[in-house]
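> The chain contents come next:
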Amino acid sequence: MTKKLMSNHGRLSMQSVVRLMLCLTVMVTLVLSIGVQASNYPNKPVIMIVSYAAGGGTDVAARTVAKYAEKYLGQPIIVENRTGAGGQIGFTALAKSKADGYTIGLINVPAINLIAAIRSGVTYKMADFEPIANVVLDPMVLAVKADSKFETMADLVEYARDNPGKVVIGYDGPQTNNHLQTIVMEQVLGIELTQVPYTGAAPSIVATLGGQVDVSMPAAGEALQYVENGQMRVLAVFWPTRFAGLPDCPTFEEATGQAIAAVGASSRGIGAPVGMPRDRFEKLQDAFAKAIADPEFVEKAEQIGLPLQYLNGPDFAKLIEETEANLQQYVDIMK
Amino acid sequence: MGGIWSGFLAALQWDMMLFTLIGVVAGVTIGALPGLTSTMGVALLIPLTFGMRPEVGLAMLGGIYCASTYGGAITAILINIPGTPSACATVLDGYPLARKGEATRAISVATIVSCLGGLFSTVCLLFLAPPLAQLSLRFGAPEYFLLAVFGITIIVSLSEEGLEKGLISGVLGLLLSVVGMHPLTGYLRFTFGQSFLFDGVPLVVALIGLFSIPEVLELVSSESSQSVEVVGTYTGRPLQHLKEALTLKWLILRSSIIGVIIGIIPGAGTDIAAFLAYNEARRASKTPDEFGKGAIEGVAAAECANNAVTGGSLIPLLTLGVPGNAVSAIFLGGLLIHGLRPGAALFAENATITYGFIFSLFLSNILFVPVGFIMARYATRILRTPRSVLAPAIVVLAVIGSLAIRGLAVDVFLMLGMGLLGCIMKYNGMPAAPMVLGLVLGTMAEGELARALAIVRGDVLAFLLQLVTRPICIVVLALCVLSIWQGISNQAKRKRSVGQEA
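Just so you know, the sequences run in chain order A and B.
The opening residue of the first sequence carries number 1 in the numbering used here; numbering runs sequentially from there.
The opening residue of the second sequence carries number 1 in the numbering used here; numbering runs sequentially from there.
Because the hints were derived from the structure by calculation, they are not lab data.
For each residue, glycine too, the CB sits at the ideal point set by N, CA and C.
Each hint should be verified, as a subset may be incorrect.
Stated by the list, open to error - Straight-line Cα separation of at most 20 Å, SDA-like style, residue types lysine to any residue; simulated pairs: (1) Lys125(A) x Gly193(B); (2) Lys166(A) x Leu461(B); (3) Lys335(A) x Thr191(B); (4) Lys300(A) x Arg53(B); (5) Lys166(A) x Gly458(B); (6) Lys335(A) x Phe463(B); (7) Lys300(A) x Leu408(B); (8) Lys67(A) x His338(B); (9) Lys166(A) x Leu464(B); (10) Lys67(A) x Phe50(B); (11) Lys125(A) x Gln194(B); (12) Lys335(A) x Val460(B); (13) Lys300(A) x His338(B); (14) Lys166(A) x Val460(B); (15) Lys98(A) x Leu408(B); (16) Lys71(A) x Gly193(B); (17) Lys166(A) x Ala462(B); (18) Lys300(A) x Gly193(B); (19) Lys96(A) x Val410(B); (20) Lys166(A) x Phe463(B); (21) Lys166(A) x Arg387(B); (22) Lys300(A) x Pro47(B); (23) Lys300(A) x Gly51(B); (24) Lys335(A) x Leu188(B); (25) Lys166(A) x Leu465(B); (26) Lys300(A) x Lys293(B); (27) Lys300(A) x Met52(B); (28) Lys67(A) x Ala492(B); (29) Lys335(A) x Gly51(B); (30) Lys67(A) x Gly193(B); (31) Lys149(A) x Leu408(B); (32) Lys166(A) x Val456(B); (33) Lys71(A) x Met52(B); (34) Lys71(A) x Gly51(B); (35) Lys335(A) x Thr185(B).
Said to hold, decoys possible - Computed beta-carbon distance windows for the label pairs: (36) Leu12(B) x Ala146(A): 34 to 40 Å; (37) Thr123(A) x Leu128(B): 22 to 28 Å; (38) Pro471(B) x Glu186(A): 31 to 37 Å; (39) Leu482(B) x Thr123(A): 50 to 56 Å.
Start from the sequences and build out the full structure, keeping to the hints where you can.
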């Protein structure tokens, strides 16, 4: 009897020890996994909102950088195109999404500022975004068809001063950064051109090559291949220094002797809704910094014609702030 | 010539063929599913091509492009939803044919002529690219404006039930196309402050709503049998229709030429080509009254032309670096990412890649034929599905499709709203096709008119003078006048014959 009890007792205690150990294991695993979760962000795919259509310049840039950032982030990055309203739908979606580091997006400067400044009823403001890294910086250029009668900027300015409104300039579309730079150029040079907005970069370049317009205002990266093919010439680059891909093309200041605000230059960077935990911000900033420095990425970017300009989060924020301040004076003309 | 030969050999390598096949299978699926378009398909798969050899990556993208342009026909014929905008002229006769029990015939012929149209355009790309490319640069705002007007004149021939109702539908479409940003000034019109309307009514969403919802309501409201009434017991095999398709040789040639030309013109897409070819087929037909009621020529013309656009749109891209439409704009990215710069040098310096890609397009256009035939063989079974299953299935497809295009939930309601409009129009005997035409061409006509006027600084007289002095303008203007005149005289003839019968 005693023996039986003993053995019973023994068995019970064995059972409870096993149970206790199981419980402990489960608890330790749980606690550990929570700890791991906190420090091991990200533990699920990160969504990257792109405010422009799949296949466009911003989309290609986003997908290319995402592919390399995945490597350093340790999780897949899923590009989600939230297109519409010239980017407003996507930017709004990014501003309103959860600040947990699992939703990031492409920030297009100055498009994102222009939308907020020009339109009424825009529900995001620049303070809603946390800039993480700038990837691309593409200045505007003034381009003509290869056989144009305008050989230099001086030819154009002289002709335009004598014949106000005779020179037709084409650009990407109304209320775009190309439009903005055109207005600023007109003001600085004191000339009046006839402005014709197209529906994107490609149609305005076709119009230039076909001689439908006299000059056009594309981004340097977009004009590059046509210049290298000998179909187009660039009269001036709207940036303080020469553009790496177009070393023979003068800057606006070199060509005209006048300084100009490069407000049209198009920056494409990574941002997130404001307020995510610091460690997650650091992790993202670090991953994108490494991706942009990756030699393989640099080579790919060069092939696609993406002019790279890395800026870390705070520097990118400064760029956005400066742009915001610079463009206020032109908003009324663009409306 | 050596370049062409090495390209031909490159196209015969196993990995080229394999990835072309993968592209084609993906493409047919993307095309057939409403809400997934060729543009999205090509754009989403571009990152996959980064790691491939350039010609293999391009071959896969080419497979998607050709096959998705064709794939839209399957859904258009079977359930009256154009799978992509390219198929919006295919529904006009494709679905009536399916209702007559001839879905197998319609899909088989569509498959064969799509293949032939695609092959024709690839031949043009291979041998005539440099001279044809020059055409793409000759189109300015006045030419585009007239082209849009020419497209709009087709409303006359799409108005079966009487010109008045067709015109009402067409004008409603034009009015809807005005919604959103003004193309030149960015001024917002009829958007009620809602950002989802800033770009106007999205074409794919409107197409899905207009065509699917009225059809679903008709399916569930008819009292008759459980499945769609399939007149006769038609059990043809797809290959039997090869001969029938080949008897349409002049139609195929005409539609192919229309497709290639529209493809070359930057900014004009597969939907416009399909409508123009449909119209020409109807004008040339001895039985134009059959169109809209299930004429095989209607399906053939639309499907042949939209696939002929594919090769055409690559002509300005490869020779000048100028993309012919949205899809070829993405191809431009695909070329650049491999360090290939489009232009005359591409054919000389990268001959193996360039010609290898062109030869893979032949394969792409051929490979979707067996896929299409398998669909055609079992197509009628889909139509024999009980209405209680088919109708909700179509609604599910319509909802997912309208959600997929921009990822906006509000688009589903927009689709349902367009569906309601479609029901009202159908109840009143108004055709939906003119409205689609108005939506497709309204934006183009308005934007190009504004642009043409802006270039001449608002001088209306100078603009009108351009219309009768620029060579391409004169040709298109003559086509407009011819189209309207023939349309009106046909309507008059119809009225007379109806009068005599009564």
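> Now, for every hint given, state plainly whether the structure supports it.
Structure-based check of each hint:
With a C-alpha separation of about 17 Å, the suggested pairing of Lys125(A) with Gly193(B) holds against the 20 Å cut-off. With a C-alpha separation of about 17 Å, the suggested pairing of Lys166(A) with Leu461(B) holds against the 20 Å cut-off. Using a Cα cut-off of 20 Å, the hinted pair Lys335(A) and Thr191(B) holds, with the two alpha carbons roughly 17 Å apart. A C-alpha spacing of about 14 Å is found between Lys300(A) and Arg53(B), which places the hinted pair at or below 20 Å, so the restraint holds.
Between Lys166(A) and Gly458(B) the alpha-carbon distance is near 13 Å, which keeps this suggested pair within the 20 Å criterion. At roughly 26 Å between alpha-carbon atoms, Lys335(A) and Phe463(B) are farther apart than 20 Å, so this suggested pair is violated. Distance hint between Lys300(A) and Leu408(B) is unfulfilled; the C-alpha atoms sit about 32 Å from each other, more than 20 Å. A C-alpha spacing of about 16 Å is found between Lys67(A) and His338(B), which places the hinted pair at or below 20 Å, so the restraint holds.
Between the alpha carbons of Lys166(A) and Leu464(B) the distance comes to roughly 19 Å, so the proposed pair stays at or under 20 Å and holds. The suggested pairing of Lys67(A) with Phe50(B) holds, with an alpha-carbon distance near 10 Å, which does not exceed 20 Å. Pair hint Lys125(A) plus Gln194(B) holds up; C-alpha atoms about 17 Å apart against a cutoff of 20 Å. Under the criterion of a C-alpha separation no larger than 20 Å, the hint pairing Lys335(A) with Val460(B) is inconsistent with the structure, at around 25 Å.
Restraint check: the Cα-Cα separation between Lys300(A) and His338(B) comes to about 8 Å, which is no more than 20 Å; the hinted pair holds. For the proposed pair Lys166(A) and Val460(B), the alpha carbon gap of about 16 Å is at most 20 Å, so the pair holds. For the hint pairing Lys98(A) with Leu408(B), the CA-to-CA distance comes to about 18 Å; that is within 20 Å, so the pair holds. For the proposed pair Lys71(A) and Gly193(B), the alpha carbon gap of about 41 Å is over 20 Å, so the pair is violated.
In summary, the hint linking Lys166(A) to Ala462(B) is supported, as the alpha carbons are separated by about 14 Å, within the 20 Å threshold. Of the pairs offered as hints, the one joining Lys300(A) and Gly193(B) is violated, with about 40 Å between alpha carbons and a cut-off of 20 Å exceeded. Distance restraint check for Lys96(A) and Val410(B): the Cα-Cα separation of roughly 17 Å lies within the 20 Å cut-off, and the hinted pair is therefore satisfied. At most 20 Å may separate the alpha-carbon atoms for a hinted pair to count; Lys166(A) and Phe463(B) meet this at roughly 15 Å.
Taken as a hint, the Lys166(A) and Arg387(B) pair is broken in the structure, with Cα atoms around 64 Å apart against an allowance of 20 Å. For the hint linking Lys300(A) to Pro47(B), the alpha-carbon distance of about 11 Å falls within 20 Å, and the restraint holds. Of the supplied pair hints, the one linking Lys300(A) and Gly51(B) holds, its CA atoms being roughly 11 Å apart against a limit of 20 Å. For the hint pairing Lys335(A) with Leu188(B), the CA-to-CA distance comes to about 11 Å; that is within 20 Å, so the pair holds.
Taken as a hint, the Lys166(A) and Leu465(B) pair is honoured in the structure, with Cα atoms around 18 Å apart against an allowance of 20 Å. A distance of roughly 53 Å separates the Cα atoms of Lys300(A) and Lys293(B); the hinted pair therefore is violated under the 20 Å criterion. Using a Cα cut-off of 20 Å, the hinted pair Lys300(A) and Met52(B) holds, with the two alpha carbons roughly 13 Å apart. Restraint check: the Cα-Cα separation between Lys67(A) and Ala492(B) comes to about 62 Å, which exceeds 20 Å; the hinted pair is violated.
At roughly 45 Å between alpha-carbon atoms, Lys335(A) and Gly51(B) are farther apart than 20 Å, so this suggested pair is violated. Between Lys67(A) and Gly193(B) the alpha-carbon distance is near 36 Å, which puts this suggested pair outside the 20 Å criterion. This hinted pair does not check out: Lys149(A) and Leu408(B) have alpha carbons roughly 48 Å apart, beyond 20 Å. Between Lys166(A) and Val456(B), the direct Cα distance comes to roughly 9 Å. Compliance with the 20 Å bound is thereby established for this hinted pair.
Between Lys71(A) and Met52(B) the CA atoms are separated by roughly 19 Å; this keeps the pair inside 20 Å, and the hint holds. With a C-alpha separation of about 15 Å, the suggested pair Lys71(A) and Gly51(B) falls inside the 20 Å cut-off, and the hint holds. Our distance criterion of 20 Å between C-alpha atoms is met by Lys335(A) and Thr185(B), whose separation comes to about 8 Å. Our hint of 34 to 40 Å for Leu12(B) and Ala146(A) holds, since their Cβ atoms are close to 39 Å apart.
Taken as a hint, the range 22 to 28 Å is violated for the pair Thr123(A) and Leu128(B), whose Cβ atoms sit roughly 52 Å apart. Checking the proposed 31 to 37 Å range against Pro471(B) and Glu186(A) shows it holds: the Cβ atoms sit about 34 Å from each other. Against the hinted window of 50 to 56 Å, the Cβ-Cβ separation of Leu482(B) and Thr123(A) comes to about 51 Å, which satisfies the hint.
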